[in-house]
Each structure stands twice: as C-alpha cells, then as structure tokens.
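Engineer: What follows is the residue order along each chain.
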Amino acid sequence: MVVETVFTPVTAIIGGAMIGLAALVLMWSIGRIAGISGIVAGAILEAEDERNWRLLFLAGLFVGALIASLITGALDDVSSIASTPVLIVAGLLVGIGTRMGGGCTSGHGVCGISRFSQRSIVATTVFMASGAATVFVIRHLFGEGV
Amino acid sequence: MKPWFVGLAGALFGAGITVSGMANPAKVQNFLDVAGSWDPSLALVMGAALLVVTPGFFFVFKMSAPKYAEAFALPTRKDIDWKLLLGALLFGIGWALSGLCPAPALVATLTGVSGFFIFLLAMVAGMILYRFVFES
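Residue numbers (the working numbering), protein chains in the order written: chain B, 3 to 148; chain R, -2 to 133.
If you are wondering where the hints come from, they were derived from the structure by calculation, not from laboratory data. Only true hints are included.
Which chain B residues face chain R? A few, computed with CB under 10 Å, are given here:
# : residue
1 : PHE9
2 : GLY33
3 : ILE46
4 : PHE64
5 : ALA84
6 : SER85
7 : VAL124
8 : GLY133
Using N, Cα and C, we set each Cβ at its ideal position, and we do this for glycine too.
Chain B extracted, bound-state conformation (with noise of 0.2 Å):
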C-alpha cells in the first residue's frame, strides 16, 4: 500500500540529532553502543547482568516516545502499510537479518558509521540498497506495493 508522505527537515534533523545524543549519553555512561537490534535480542537473551541495562534502556525508549507522541502528537495518523502476511516475512527478515548481519539502522548506520568502521560502513550501503531495490520491486514492478 503505497501512502504518500511529505518531507519534514525540521522535525527529522530535532528527531535525529536527539537520537545521536542518546547514542552519546549511553556510550559516555557505560561504554555501550545504542543498537537496538543488539538491545533488543540481549534483553531477552542474555543473562542477568547484561540484561538489565538492556531493559532499563528499552523502558526508557517507551517513556520517552509516549510523551514526544503526547506532545507532538507524531503517532497520531501512524498505521501499518502491510498485510499481516507480508507483516510477519518481514518481522522474520529484520529479526533474523540483524542479528547476522550484526547491527541494524542505530547500531550500523549511526554508531558504527560515526566510529568509521568498514563493516558498518558495508552494512548500511547494503541494506539500504536492498532496501531500495526491494520498494522499486514491490511499487514499480508489481504496481501497488504490498
């Protein structure tokens, strides 16, 4: 399902510059990389100790958007653009393929792009290319988007 949007500099450069420092809060505090995919998985897979801080951050990542949405209202025309079926292939891909691919948007594209790293650097051209070439696939090819 194709939903058009529009362009929004001001909010994505607020958005993006807070993230960025949340990624410097966290490495500055405990040393940590803010990559979600790896904070996620960690939370549920690791033992205690290397859980918590995990938890402690994702509850944090809640409370944090619920009052940005309460004040800019930014989730309010929020819906999902796929149908279930697409919606649980492409949960599997994103789970399966950060975790080996090592990182995700966060992890690869923001700190491992701002430490200089080779792999984050390929990683990020990669997924955003086969990102690009999958929506050229699905709205140009098939037509209406899936």
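Mind docking chain R on chain B? Use the hints.
Structural biologist: For chain R alone, coordinates are given in the frame of chain B:
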C-alpha cells in the same frame, strides 16, 4: 546515577524516533522509493544523528573509560564476511517490505495498531530463531 543515564539515553532515543517521524512506516518506505514518491526525511535523521555522534564519540573516546563502567564495549572485528553481507541484505528486504526497523517497530506499538505487534513478535521470533538455529 548509572541507571538514570541508561534510562535517559533510552528516553532520548525513543523521543527522537517519535519526533523524527521514523515510527511512521510510510515515511521510511517512501525514503527507499527513490524512483517514486521519495521522502528524504530519513537521510536528514541519519545525517543529524551522525553530526552529533561523530564529534561526540571523538571526545568520549578520549576518556580512558566510560563514566560508570570499566571499559568501552566496542566491536573489534574488521573483516567483511558473508554473514555481514547476507544479514544486511535480508534486513534491508524486511525493512522495505514493512517500513519498520527495530527501534521504530518498538515505538509504533504505542499506537495500539495490531499489525505493529505482529511485526514485533515476528522480529523477536527471528532473533531467537537465529540464536538457537543458526548460531548453535
């Protein structure tokens, strides 16, 4: 003080995702649609984050250790292996199909829309599956 800063980092991250509009999968999918209804917002989100983190890390890494831990926990691998490439490839496909990556997937559940919970469950299942099937 340590838990306070970890919670603050999470809150800033969640607020940042929300404010940036990245919890809206339509904006993310439109960013990837360079040949169609392109919405460049995501590029500015990443760009702004990188402009904060790159100089910030430079100064943070001048510290001998983080404020509340014994050492920085940083990846040390440098090799580009097939897992990195295949993992990123699969992630990109799932990201594009749904318009969701892990952080926005968490934030989007606050809307109560059932599809976001389905995605999140599948994502977590994928992570667990990878740990116990592919890594064992």
